[in-house]
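*Asks:* Here is how the chains run, residue by residue.
There are 2 protein chains.
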Amino acid sequence: MNNLSYAVIGTGAVGGYYGGRLQQAGCEVHFLLRSDYEQVRSQGLIVESIAGDFMLPQVNAYRIPADIPPVDVALIALKTSHNSQIHTLLPKLKPNGVLLFLQNGFGIESAVEQHLKKNSPQQQNEKTLLPDILGGLCFICSNKVGPGHIRHIDYGRLVVGAHQAAGQPCEPTLRMRKIAKDFTCAKVPTNLTNDLPMARWRKLVWNVPFNGLSVLLNASTDEMMADSNVRSLIRALMEEVVSVANSWGEQVSPGSDRHLDNSIVDIMLAHTENMLPYRTSMKIDYDEKRPLELAAILGNPIIAAKSLNIATPKMEMLYQQLTFLNVANKPA
Amino acid sequence: MNNLSYAVIGTGAVGGYYGGRLQQAGCEVHFLLRSDYEQVRSQGLIVESIAGDFMLPQVNAYRIPADIPPVDVALIALKTSHNSQIHTLLPKLKPNGVLLFLQNGFGIESAVEQHLKKNSPQQQNEKTLLPDILGGLCFICSNKVGPGHIRHIDYGRLVVGAHQAAGQPCEPTLRMRKIAKDFTCAKVPTNLTNDLPMARWRKLVWNVPFNGLSVLLNASTDEMMADSNVRSLIRALMEEVVSVANSWGEQVSPGSDRHLDNSIVDIMLAHTENMLPYRTSMKIDYDEKRPLELAAILGNPIIAAKSLNIATPKMEMLYQQLTFLNVANKPA
Chain B
7 MNNLSYAVIG TGAVGGYYGG RLQQAGCEVH FLLRSDYEQV RSQGLIVESI
57 AGDFMLPQVN AYRIPADIPP VDVALIALKT SHNSQIHTLL PKLKPNGVLL
107 FLQNGFGIES AVEQHLKKNS PQQQNEKTLL PDILGGLCFI CSNKVGPGHI
157 RHIDYGRLVV GAHQAAGQPC EPTLRMRKIA KDFTCAKVPT NLTNDLPMAR
207 WRKLVWNVPF NGLSVLLNAS TDEMMADSNV RSLIRALMEE VVSVANSWGE
257 QVSPGSDRHL DNSIVDIMLA HTENMLPYRT SMKIDYDEKR PLELAAILGN
307 PIIAAKSLNI ATPKMEMLYQ QLTFLNVANK PA
Chain V
7 MNNLSYAVIG TGAVGGYYGG RLQQAGCEVH FLLRSDYEQV RSQGLIVESI
57 AGDFMLPQVN AYRIPADIPP VDVALIALKT SHNSQIHTLL PKLKPNGVLL
107 FLQNGFGIES AVEQHLKKNS PQQQNEKTLL PDILGGLCFI CSNKVGPGHI
157 RHIDYGRLVV GAHQAAGQPC EPTLRMRKIA KDFTCAKVPT NLTNDLPMAR
207 WRKLVWNVPF NGLSVLLNAS TDEMMADSNV RSLIRALMEE VVSVANSWGE
257 QVSPGSDRHL DNSIVDIMLA HTENMLPYRT SMKIDYDEKR PLELAAILGN
307 PIIAAKSLNI ATPKMEMLYQ QLTFLNVANK PA
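The listed protein sequences correspond, in order, to chains B and V. Straight run, no breaks: the first sequence in this note's numbering ends on number 338. Straight run, no breaks: the second sequence in this note's numbering ends on number 338.
Here chain B stands alone, though its shape is the one from the complex:
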């Protein structure tokens, strides 16, 4: 069985690391770049990693998506705040090619699907179907420390599942198994899930409090965990996310076991206590004066909560505070 071919759309901390690993393992990989294009085209990628440093002196670098040859898998490693431009950023796909969104948040795939339907040329819309959409959750701490220079400092695991329009679970396809095999061979341990939405909710249990509060409190994970008031607040926010997630699961699949166990809150708190001190991705975005991923992390979950009649007063407050800071946080 041959490896699949990949395009990395957004060669930053996540795309640069995963794409670099795939190329290092022998896959055909094409990298779409913007600000780092010149550097990466001439000098390649440097990856410092707890799983082993490596350099790729030569990579396939592109400025324009249309220049990328057709691939089996487009890895979308952009911030969700760029998803409204996604129709201008996709490469051509081979037959049965898929889009794999390596992004956090809820409602990512549905929003992208609707967006692509609306923004595809009319004739294409009638004759061709959209490619399959997959979602990937990246359990990784990595940063881009310079142009074409990635530093992977902790974790690295990937969880991949398929998007279904109605939010139903579904068995992994053969294509997904191949992707998982490529990643795992490339030192990226990858699990397949048949319940992508619940996996997204589970990750939000952590992301909502830690990403959001890290910006408001100008604090790293260890500083927040050391304060008993903030711990209480983190717990309360986590419980709100769990309650929305479980109502959502019950609504989409009544009587099923699609729910998060309440023990997840204690488990995540204990886990975070043992983590290396960590500056969250939202805090990094804020410090770098980039737009915050508020719709995916907070906005969509709150919309879901409202439609389910679940009260989320603290998530709402967090969202309202962060939207203000996001607007005020303009580059000088």
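It should be emphasised that the hints constitute simulated quantities derived from the structure, not laboratory data. These figures come from a predicted structure and were not determined experimentally. If a hint is listed, it holds; no wrong ones were tucked in.
Same chains, same label: a pair holds when it works inside one copy or across any pair of copies.
Straight-line distance between alpha carbons at most 20 Å, and here's what the computed SDA-like set of lysine to any residue pairs gives: (1) K124 <-> T94; (2) K295 <-> L222; (3) K193 <-> N149; (4) K184 <-> P101; (5) K336 <-> N224; (6) K193 <-> G32; (7) K336 <-> N235; (8) K336 <-> S234; (9) K336 <-> E229; (10) K312 <-> S249; (11) K295 <-> P153; (12) K312 <-> N235; (13) K336 <-> A232; (14) K312 <-> S238; (15) K295 <-> N224; (16) K336 <-> D228; (17) K312 <-> S234; (18) K209 <-> S269; (19) K336 <-> L222; (20) K187 <-> S11; (21) K184 <-> D201.
For chain B, the structure is supplied; the task is to place chain V on it using the hints.
*Replies:* Below, chain V alone, put in the same frame as chain B:
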């Protein structure tokens, strides 16, 4: 009828302005100072004021409370964060002398009363009663812009009421009427209230959202009012305060009309929209790296809410966030 004599305990933006006005109008006033003592003892006070600038080249300045001659009224214009030291800061009082706390927040007087009972010498405790405790709400925008230099930029009105141990309303005493007359003659319009606790709750409806959020969002009143998300949050916080206030009123005086009308929220929002842009006192404290008045503004109201079984999820979140920032906000 002679004027009363006054001691100003804490000669800052509020104490310096009100004490200065009283002296300017002919009252006997004694000022307790700390960092500004030398300056004020030798150079007096300078007051710039929308109601008319004035200078007091000579004032009675003290470093030590025991040096102040007995007075009729001690005006406590310290931050509530100093109230735990109040027993060391009071001057001697003449017979029927009173303490008037010019501070924001709920539960100020009860806390002080308990503190003074606990910290008075035993023999005194048996023979003498505590002085009457009054509370004053200062509707004023003023800042200390330098040692002994006060700038009064907007408003100025004072509302004074008497503290009753059980939180009951009570008629103004003769002593209170004399105080109100002194202040009003000194260009400080002063109203007496027979319901100090509800007046305190009313002021908190504004202070809770604007003081708290100004610190978290690094914003002035006009910036917060201009953002629709923050306006929604301000409204929600105000509604929480109103709901605690009204439950408190109903518990202390069942069937009475001790409540805030819900229209207060719209009125205060409209009023704030027409105010000059304003940096709140809590924001000034934060910027100056002084302790924040969290117990009086948020902690005590939340304790009251809990004992009344009123949910205040957003006030709690605000308190938890601010306690973290308060601890982290140490002088460099």
